[in-house]
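Asker: With the hints as extra help, turn the sequences into a complete structure.
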Amino acid sequence: MRLPGSTMAGRDGGVRREVGRLVGLVLLVHVLFIAAYYLAGLATAPDRARFAYMLVWTAATLTVVLMGLGRIRAARTGRHRRD
1 MRLPGSTMAG RDGGVRREVG RLVGLVLLVH VLFIAAYYLA GLATAPDRAR FAYMLVWTAA
61 TLTVVLMGLG RIRAARTGRH RRD
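So for the sequence shown, my numbering puts the first residue at 1; every next one is plus one.
Keep in mind that the hints were calculated from the coordinates and are not lab data. Treat the hints with caution; some may be incorrect.
Quick list of the computed label-pair ranges, beta carbon to beta carbon [said to hold, decoys possible]:
#, residue 1, residue 2, range
1, L25, M54, 17 to 25 Å
2, L25, R79, 15 to 23 Å
3, G78, D47, 20 to 28 Å
4, T44, V15, 17 to 25 Å
5, A35, T77, 35 to 43 Å
6, R79, T44, 43 to 51 Å
7, R50, G13, 35 to 43 Å
8, G78, A36, 34 to 42 Å
9, D47, G14, 40 to 48 Å
10, Y37, R76, 31 to 39 Å
Every residue gets a Cβ at the ideal spot worked out from N, C-alpha and C, and that includes glycine.
Answerer: This is how it looks when you write it as structure tokens:
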């Protein structure tokens, strides 16, 4: 239970904002990659091409998630990160 005057009370908004940003960016990455998948015709492409696409998609998602988690951690601890 947090008291209204606790030092964490002011940080909750920053953490929520960063979590929202993380979720939004992950959704954006997925929407873009799903759209590109079908627009490029990868649904009927050879397995090797689809596997390579999956690796790129996974790397992009992992990058967004790791950066977002770093921002969330910085917001929780009160440290400011340089982006």
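Asker: Compare the structure with each hint and give your call.
Answerer: Here is how each hint holds up against the structure:
no. : hint                   : verdict
1   : L25 to M54: 17 to 25 Å : holds (19 Å)
2   : L25 to R79: 15 to 23 Å : holds (21 Å)
3   : G78 to D47: 20 to 28 Å : violated (48 Å)
4   : T44 to V15: 17 to 25 Å : violated (43 Å)
5   : A35 to T77: 35 to 43 Å : holds (36 Å)
6   : R79 to T44: 43 to 51 Å : holds (48 Å)
7   : R50 to G13: 35 to 43 Å : holds (41 Å)
8   : G78 to A36: 34 to 42 Å : holds (38 Å)
9   : D47 to G14: 40 to 48 Å : holds (44 Å)
10  : Y37 to R76: 31 to 39 Å : holds (35 Å)
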